[in-house]
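Sequences and hints are given; from them, build the entire structure.
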Amino acid sequence: MGDSKDLPHLLFYGPEGVGKKTRITALLRQIYGSSTEKLKLDQRTFETPSRTVEIAIVSSNYHVELNPSDAGIYDRIVVQDLIKEIAQTQQVTVNSPKKFKGNIIPPLQSRCLLIRVPAPSHPEISELLLNIAQKEKIKLQPELALRIAEQSMRNVRKAVLMLESLYIQKYPFNDPENIEIPLTDWEAVIFSLGQSMLKAQSPQTIMQCRTVLYELLSHCIPPNLILRTLAFHLIERIDESLKAEVIAMASLYVSLYPIFGIVANHNFSY
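All residue numbers for the sequence shown refer to the working numbering, where the first residue is 113 and numbers rise by one.
It is possible that part of the hints are untrue.
Distance ranges between label pairs, derived from CB positions [claimed, not checked]:
1) H175 <-> A356: 44 to 52 Å
2) I143 <-> K355: 45 to 53 Å
3) V176 <-> A356: 45 to 53 Å
4) E236 <-> V176: 39 to 47 Å
5) K150 <-> P235: 31 to 39 Å
6) R156 <-> Q313: 18 to 26 Å
7) L364 <-> T164: 16 to 24 Å
8) E348 <-> D287: 20 to 28 Å
9) D287 <-> R322: 13 to 21 Å
10) D193 <-> S233: 17 to 25 Å
Derived lysine to aspartate or glutamate pairs resembling EDC-like cross-links, with alpha carbons at most 16 Å apart [stated by the list, open to error]:
11) K311 <-> E255
12) K251 <-> E276
13) K270 <-> D297
Hints listed in this document are in silico derivations from the structure and should not be mistaken for laboratory results. We put the beta carbon where it would ideally sit given N, CA and C, even for glycine.
Structure (structure tokens):
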């Protein structure tokens with residue numbers, strides 16, 4: 113694809129931590145060479161109807177990186193302004209050197225070739241971890257690599273970070289079957305929250321849960337990820353007759369638009 117003389121606009125999409133940015137970086141390097149690795153950090157200002165938004169933008173001479181969520185509810189405006197700016201620059205480029213053949217089409221969807229990046233399977237992540245360990249000269253047993261892959265929820269970035277954390281804390285891996293794989297801080301908080309919910313169902317527990325949830329949200333943990341992780345934790349520890357109802361309620365709230373107020377009532381008896 114990188115060797116194409118008329119490369120279309122590409123839109124990579126898929127679950128978190130599956131390698132979208134890695135693929136984009138590799139494609140840029142193939143097209144433009146190592147110059148794409150010479151990055152600079154800028155603070156850009158965007159005007160919105162109510163206030164001015166500043167976000168950090170990483171860029172090279174050939175690409176721009178930004179996190180629209182840094183702009184909060186104004187993310188759409190930031191992306192639109194940036195695309196408009198890039199499109200105007202590209203339109204000038206079209207009229208000078210023979211680098212591009214395609215015209216700029218206004219709707220973003222019709223301009224892009226959609227490339228879905230699927231989540232890798234557990235064996236694929238396990239193989240990746242073994243390759244990393246081999247290059248770093250770390251003795252990693254296949255069974256331990258598979259356990260890390262299964263606990264990573266098919267997130268490559270998370271799996272690599274878990275391996276790094278495990279290496280720092282417990283290397284050498286003398287007893288791979290009994291080594292406890294460390295959780296991330298936010299996962300440990302959610303698991304503790306689940307234990308509190310199972311231990312006592314009371315108004316006091318509800319208030320404590322609400323406080324913990326607000327704390328997780330304030331640290332930018334996605335609400336859908338919080339609910340999904342909490343649901344999986346509860347399902348493994350509750351009675352069989354309750355699992356379907358917990359899954360149904362979790363699916364309902366995960367599908368809703370995220371809100372700042374946490375108000376949801378449902379009666380469960382564990």
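Against the structure, the hints:
1. H175 <-> A356: 44 to 52 Å: Check passed, 47 Å falls within 44 to 52 Å.
2. I143 <-> K355: 45 to 53 Å: At 49 Å between Cβs, range holds.
3. V176 <-> A356: 45 to 53 Å: holds, 46 Å
4. E236 <-> V176: 39 to 47 Å: Hint violated: Cβ distance 31 Å, outside 39 to 47 Å.
5. K150 <-> P235: 31 to 39 Å: holds, 37 Å
6. R156 <-> Q313: 18 to 26 Å: Since the Cβ atoms of R156 and Q313 sit about 48 Å apart, the hinted range of 18 to 26 Å is violated.
7. L364 <-> T164: 16 to 24 Å: violated, 38 Å
8. E348 <-> D287: 20 to 28 Å: holds, 24 Å
9. D287 <-> R322: 13 to 21 Å: The hint (13 to 21 Å, Cβ to Cβ) is violated, given that D287 and R322 are roughly 40 Å apart.
10. D193 <-> S233: 17 to 25 Å: violated, 39 Å
11. K311 <-> E255: Between K311 and E255 the Cα gap is close to 33 Å, so the pair fails against 16 Å, i.e. violated.
12. K251 <-> E276: holds, 13 Å
13. K270 <-> D297: holds, 12 Å
Figure legend: structure checked against the earlier numbered hints; hints not met, in rising order: 4, 6, 7, 9, 10, 11.
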